[in-house]
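**Q** Spelled out, the chains give:
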Amino acid sequence: MEETRQTLLLNQLWELQLKNGFINDSDISQIASSFGLSAVEVEGLVSFYHFFHRKPTGKYTIYLNNSIISDLKGFNRIKETFERETGTKFGSVDRTGTFGLFLTPCIGLSDQEPSALINFYPFTNLNAIKVKDIISLLKKGALPEAICDTPAENIRYSPPGNKTVFFKPFAAGATFQTASAIGPDGIIETLKKAELAGRGGAYYPTWKKWDAARQQPATPKFVICNADEGEPGTFKDRVLIQTQARTLIEGMILCGYAVGAAKGIIYLRGEYRWLKNKLDEAIQEYVSAGYLDTACTALNGFQFSIRVQIGAGSYVCGEETALLESLEGKRGEPRTKWFFPVEKGYLQQPTVINNVETFCAATRIVEMGAAAYSQMGIPGSPGVKLLSVSGDCKLPGIYEIEWGMTVAELLELCEAEDPYFIQVSGPSGECISIKEKFRRISMLDLLARKDIRCGGSFMIFNKQRDLVKILLNFSEFFKNESCGICTPCRAGNFIIQRKLERLDNGLAVKQDLEDLKNWGLIMKNTSRCGLGKTATSSLINAMDKFQDYFITRLDQDYNGLNLKFDLEAATQENEKYKI
Amino acid sequence: MANMVTITIDGKSIQAEAGKNLMEVAKENNIFIPSLCYYKHIEPPLGTCRVCTCRINGRYAPACTEKITDGLQVEVNTPELNNNQRKALVEMMFAEGNHICPACEKSGNCDLQHMGYELGIASSRFPHLFKDRLIDYNPTRLVMEHNRCIKCLRCVVEIKTSDGKKVFNYQNRGNETSVGVDYEQEARLTEEEAMHAMNICPTGAIIVRGKSFSTPFGDRKFDQESVQMDFNKPVSDNLSPSVMGKKIIATTSLAGCFGCHMSILDIDTELLDMVELVSFDKSPLTDFKKFTTRCHLGIIEGGCCNADNVETLRLFREHCDILVALGECSVWGGLPSMRNSIPLSECLEEAFLNSVTNEPGNHIVPYHEDLPKILDRVYACNEIVKIDYYIPGCPPDAAHIWKAVKNILWGEKYSVLYAEYKYD
Numbered sequence: 074m075e076e077t078r079q080t081l082l083l084n085q086l087w088e089l090q091l092k093n094g095f096i097n098d099s100d101i102s103q104i105a106s107s108f109g110l111s112a113v114e115v116e117g118l119v120s121f122y123h124f125f126h127r128k129p130t131g132k133y134t135i136y137l138n139n140s141i142i143s144d145l146k147g148f149n150r151i152k153e154t155f156e157r158e159t160g161t162k163f164g165s166v167d168r169t170g171t172f173g174l175f176l177t178p179c180i181g182l183s184d185q186e187p188s189a190l191i192n193f194y195p196f197t198n199l200n201a202i203k204v205k206d207i208i209s210l211l212k213k214g215a216l217p218e219a220i221c222d223t224p225a226e227n228i229r230y231s232p233p234g235n236k237t238v239f240f241k242p243f244a245a246g247a248t249f250q251t252a253s254a255i256g257p258d259g260i261i262e263t264l265k266k267a268e269l270a271g272r273g274g275a276y277y278p279t280w281k282k283w284d285a286a287r288q289q290p291a292t293p294k295f296v297i298c299n300a301d302e303g304e305p306g307t308f309k310d311r312v313l314i315q316t317q318a319r320t321l322i323e324g325m326i327l328c329g330y331a332v333g334a335a336k337g338i339i340y341l342r343g344e345y346r347w348l349k350n351k352l353d354e355a356i357q358e359y360v361s362a363g364y365l366d367t368a369c370t371a372l373n374g375f376q377f378s379i380r381v382q383i384g385a386g387s388y389v390c391g392e393e394t395a396l397l398e399s400l401e402g403k404r405g406e407p408r409t410k411w412f413f414p415v416e417k418g419y420l421q422q423p424t425v426i427n428n429v430e431t432f433c434a435a436t437r438i439v440e441m442g443a444a445a446y447s448q449m450g451i452p453g454s455p456g457v458k459l460l461s462v463s464g465d466c467k468l469p470g471i472y473e474i475e476w477g478m479t480v481a482e483l484l485e486l487c488e489a490e491d492p493y494f495i496q497v498s499g500p501s502g503e504c505i506s507i508k509e510k511f512r513r514i515s516m517l518d519l520l521a522r523k524d525i526r527c528g529g530s531f532m533i534f535n536k537q538r539d540l541v542k543i544l545l546n547f548s549e550f551f552k553n554e555s556c557g558i559c560t561p562c563r564a565g566n567f568i569i570q571r572k573l574e575r576l577d578n579g580l581a582v583k584q585d586l587e588d589l590k591n592w593g594l595i596m597k598n599t600s601r602c603g604l605g606k607t608a609t610s611s612l613i614n615a616m617d618k619f620q621d622y623f624i625t626r627l628d629q630d631y632n633g634l635n636l637k638f639d640l641e642a643a644t645q646e647n648e649k650y651k652i
Numbered sequence: 002m003a004n005m006v007t008i009t010i011d012g013k014s015i016q017a018e019a020g021k022n023l024m025e026v027a028k029e030n031n032i033f034i035p036s037l038c039y040y041k042h043i044e045p046p047l048g049t050c051r052v053c054t055c056r057i058n059g060r061y062a063p064a065c066t067e068k069i070t071d072g073l074q075v076e077v078n079t080p081e082l083n084n085n086q087r088k089a090l091v092e093m094m095f096a097e098g099n100h101i102c103p104a105c106e107k108s109g110n111c112d113l114q115h116m117g118y119e120l121g122i123a124s125s126r127f128p129h130l131f132k133d134r135l136i137d138y139n140p141t142r143l144v145m146e147h148n149r150c151i152k153c154l155r156c157v158v159e160i161k162t163s164d165g166k167k168v169f170n171y172q173n174r175g176n177e178t179s180v181g182v183d184y185e186q187e188a189r190l191t192e193e194e195a196m197h198a199m200n201i202c203p204t205g206a207i208i209v210r211g212k213s214f215s216t217p218f219g220d221r222k223f224d225q226e227s228v229q230m231d232f233n234k235p236v237s238d239n240l241s242p243s244v245m246g247k248k249i250i251a252t253t254s255l256a257g258c259f260g261c262h263m264s265i266l267d268i269d270t271e272l273l274d275m276v277e278l279v280s281f282d283k284s285p286l287t288d289f290k291k292f293t294t295r296c297h298l299g300i301i302e303g304g305c306c307n308a309d310n311v312e313t314l315r316l317f318r319e320h321c322d323i324l325v326a327l328g329e330c331s332v333w334g335g336l337p338s339m340r341n342s343i344p345l346s347e348c349l350e351e352a353f354l355n356s357v358t359n360e361p362g363n364h365i366v367p368y369h370e371d372l373p374k375i376l377d378r379v380y381a382c383n384e385i386v387k388i389d390y391y392i393p394g395c396p397p398d399a400a401h402i403w404k405a406v407k408n409i410l411w412g413e414k415y416s417v418l419y420a421e422y423k424y425d
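Chains A and B, in that order, are what the protein sequence lines are.
Residues in the first sequence are numbered from 74 upward in steps of one, following our numbering.
Residues in the second sequence are numbered from 2 upward in steps of one, following our numbering.
Hints listed in this document are in silico derivations from the structure and should not be mistaken for laboratory results.
You may find that some hints are simply not true.
Said to hold, decoys possible - In silico SDA-like links for lysine to any residue, alpha-carbon gap of 25 Å or less: (1) K21(B) / L420(A); (2) K281(A) / G20(B); (3) K68(B) / Q422(A); (4) K410(A) / G603(A).
Source: prediction; values computed, not measured.
With the hints as constraints, model all of the structure from the sequences given.
**A** Laid out in structure tokens, this is it:
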């Protein structure tokens, strides 16, 4: 079965967006007629992804990151500087059509914030002077690709004694001899022994997924790499692609070989467009070596191919079924759980979807053997994990830890500065207090809530940070990134934000806190996909762990009947007509 | 022979075909699972509204996306599901859109409204969002009323032209999500197809021009028939003692039309009973301008549109043991809140400066210290003070009002007939 034509739709839209800076009416109707769609369908697609625009975005399109980490590192000042230097406001283009300023959620550079993308090239560690220089260089005609930064890799820590798993040098095809000797069953068995589980954050056993896909009679099957690393504060996949693209490609080939797939696709988030070359080069290296696109003699004649698909700015596309929809050239709306992807995934064919880190780990496990891998970590949670550390610490970056390390040890390694609370696994994860610093980081005891199972992001905040402001930043993020298909997530995030604003403005009473918690639970229980289910988890968490703090934010004068109401603010507009 | 398995719904053992949709099986067994987006032959099921969320094998999941498997344990009617989650989802839809039942063509034929009645929703626990949404009059055959759309996806999946092109599709995302209409394709729909679009829409978002009033109000699908519902509410025990054997009531009309007060008068011959049992203090009925004593019950008609309303409402809260919000405007803003998505200055200037009968330069927006200041938007009463009970309707049915008052003041048990419980 060939991939349908609609799968090319995103690429075509990207081409127009990059060429003209926007997608105009005639593009829409042309695409609609050439793909046999109605115009409203194409419009729906374009309006879903925030890197696609229906109005011009300027010769230089600047996306400044507004994540909470960027906020800590001076977002407001950078924002003002961009506005002053370009003479336009965020959300618009200057009169000459030169600069377009836009905000965007986390761009995977939390270790070097504030950062921005200009024409999708990265500019990191911004300060007012640097912004001034960049804008003046662009005004003089410099190309963004010529003056952009090469983001530092910032690999800060690996298990001592040269025991790094992920970051050893790797030669293309290094695992093929072992893989062809042990065969597909052997590969799955090896992963089972190593207890590898999905590193996107769900921790579903990788071998089970691969085995289920292997059992499926339908062909062709697909292997998809989820490189849509959108969880704010996470950047481990970026560093893996920067430094270890080969292990990723090889992991996908091993998976294809194990499950009997013929085609692999890497879904790379739009924010990482600048990394596409790295992947293309690695793929090309494999093609030249005769490992891809032709029957690979080193792997019993197995034939496989890999292409890269670029996303277009949507957090929810990291959800696996939303990612499939997006790959098929549709709006990235998560599917219902009527079928699992291994049964009917991409184009309704059996599909394995794994995270970048999972594929890289699979390669390393096959390379070093399950036994050697299992010697690291702790029983029941063997091996190593990559963490993206950012926020209030001296050494933000990638930490390759053995499972079982405590939060306290990690805080010490990264030289955390007066840590007070830590957001683990991003806004959708768990908020922990410094009082819990002796908890271990592992895959164990999730229900007992003893250990912390971290998806990848580890954001540190000191005591001076305003928790309600942080939660507001998260709720703004979820409100914008919800796909909008189910009620609790679409309306719920909006409502939660309103309630948090009330709290922030000092108008909330005790009942409001109870409401927030109850409403958060309703969203968790009734939402369609992980986004809505987890959107309020850090809020609920924070309210449990920092009760005293929330009480101090309440309206103290509450007499149980009259609610605080700002009459002056409500009548301000009417005062305009005072004679 | 189909593969029959045994499942349990609310403790009842049921034989069902494996792989079949749980919604269908429940229906066949006369078990009502509230839902809005579910539409029988759409597969895979839409799963967008989430109202049918049940507890399935111990976890929360929507019934519409559940396939029957052996031993499935389903809980449908638990207090948590009915009174909290399911109700909350429908309330969320009311809070998210701008659903003004008294002014809606679909009222009485609306699934959302019906679900509100069935679940006994008198007010939304969520703040109304009053997002500015437009009405799209561009389509040839249809009108798309974005204020009312609950994004159920039915029309997107179901309505296609004869050559398979979509007529409706989602636009944008997050809280900006809306359903767009393709004007070109829409014009190609047959009358029958257009009617189908209107009929499958669970609210009044899709209206076919000239076809929305074929059945008169009162005779519509959800106007009369349903199971009778009980609304036995606990009696408040914080009432002040009766005065000379009578309870004292105060009433007021804030940003309302006095229609609710008219409805109080519609209590009719029972007014004779009423005057035996209660006396009125501050109220338009007595024309007392000030409170002369503490009251047992305050009945509030209308929301707050100006500073005077806010003061009056606060005064009522101070002088009354119990406050009841009477009618849609009082419950959540109602008709006056139609202005909430438009800036105040635009409203005032349109009314006093730019209207067709005004001569440019000769008029001003009224402003005087004796005039109450207009608020930036219309507020529901429960945004200003705590409200104890809600009676919806525009206006609420007289019988409903009197039953509710008797229940609140004397704990008399009562039930509201389905036909007496209305939002319009």
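**Q** Verify the proposed pairing of K68(B) with Q422(A), using a straight-line Cα cut of 25 Å.
**A** Within the cut-off at roughly 20 Å; holds.
**Q** Sort out whether L420(A) lies within 25 Å of K21(B), counting only the CA atoms.
**A** Cα-Cα ~24 Å, so holds.
**Q** Measure nothing beyond the straight line between the CA atoms of K410(A) and G603(A); if it is 25 Å or shorter, mark the hint as holding.
**A** With a Cα-Cα distance of about 12 Å, the restraint between K410(A) and G603(A) holds, given a limit of 25 Å.
**Q** Please verify whether K281(A) and G20(B) have alpha carbons no more than 25 Å apart.
**A** holds (23 Å)
Checked against the numbered hints above, the structure breaks none of them.
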